[in-house]
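Peer 1: Sequence:
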Amino acid sequence: MVRGVEDRVINGIVYTILFLAGLVAVFPLLYVVSVSLTPLSVVHKSGSFPIIPREITFSAYRTIWEYSGMVQAFGVTAMVTIVGTLLNMIITILLAYPLSRKKLPGRSSFLMMILITMLFSGGMVPTYLIVKSLGLLNTYWSLILPGLVGSFNVLIVKSFFEQLPEEIFESAKMDGAGEFRILAQMTVPLSTSVIATIGLFYAVGHWNDFFQAIMYITDRSMFPLQVVVREILMQSQQLENFEATTPAQTLKMAAVVMASLPVIVVYPFLQKYFTKGMLLGSIKG
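In my numbering, the protein residues as written are 9 to 293.
Please note that the accuracy of each hint is not assured.
To be verified - Just the calculated beta-carbon pair ranges, DEER-fashion:
(1) S76 / M223: 33 to 43 Å
(2) Y136 / G83: 24 to 34 Å
(3) M121 / I90: 26 to 36 Å
(4) L127 / Y39: 37 to 47 Å
Hints listed in this document are in silico derivations from the structure and should not be mistaken for laboratory results.
Where is the CB? At the ideal position from N, CA and C, for every residue including glycine.
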């Protein structure tokens, strides 16, 4: 079928709008990367930070990487992200699967309790007192256990499980499979999209976590990446010795890039699961 002039005009308008929207989204990232690579000599010549510098330098990245505690902070954040996300997914799946079974006794009561946690919080002080009474202060578990389960994520996974064909579970039970076997060998393999989506939510949350660290961690050797980056951003205002070679603004942007780069690198590999998981997991309530 030959497209009419009207269809081509509409497509052109749509593509133009999408291009402009993409440009608006990419421009801040491009600016941050550009500033992080701009040497002081270029700033002196142009009087500002150009969008695309003619000269680049990695001095800001070297300075940040050599900053006291940066390498260890990367290790702490990576460990907390991996272990925390793994535990998050295990508990979330184990909680969502039985709630997706409509014959579960007391199912409505459990769902109501989960919904209540989405509407009301115990508060910062009670949470701190609980973490302290459990002896979790200055431990990596204080960065993992308080947010072990996300109520919203549980509901998304539950809704996705409910959409799986019931005939699959019935046939598996007729063959003698138990609930754990059905979950591990049938439900989870059929739910890779929503699992990848929720896993990304949890992982990004752990990677960007800052508040829990300043609440529960006082040992500087245990600081995660975001806390150390905050130190750099605060101290860059007073690092006059670095201004001789590297502008303070360049240090700030380099710190932002280093903190964001792992998530930016991983996201494209999970993007196809992300959209599908969110759409399929949010059809039912």
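Peer 1: Measuring from beta carbon to beta carbon, are Y136 and G83 in 24 to 34 Å?
Peer 2: 26 Å, holds
Peer 1: Given a hinted range of 26 to 36 Å, is it respected by the beta-carbon distance of M121 and I90?
Peer 2: 29 Å, holds
Peer 1: I want to verify a distance hint. Is the separation of the beta carbons of L127 and Y39 within 37 to 47 Å?
Peer 2: Holds, at about 39 Å.
Peer 1: Lying within 33 to 43 Å: is that true of the beta-carbon distance S76 to M223?
Peer 2: 22 Å, violated
Checked against the numbered hints given earlier, this structure breaks only hint 1.
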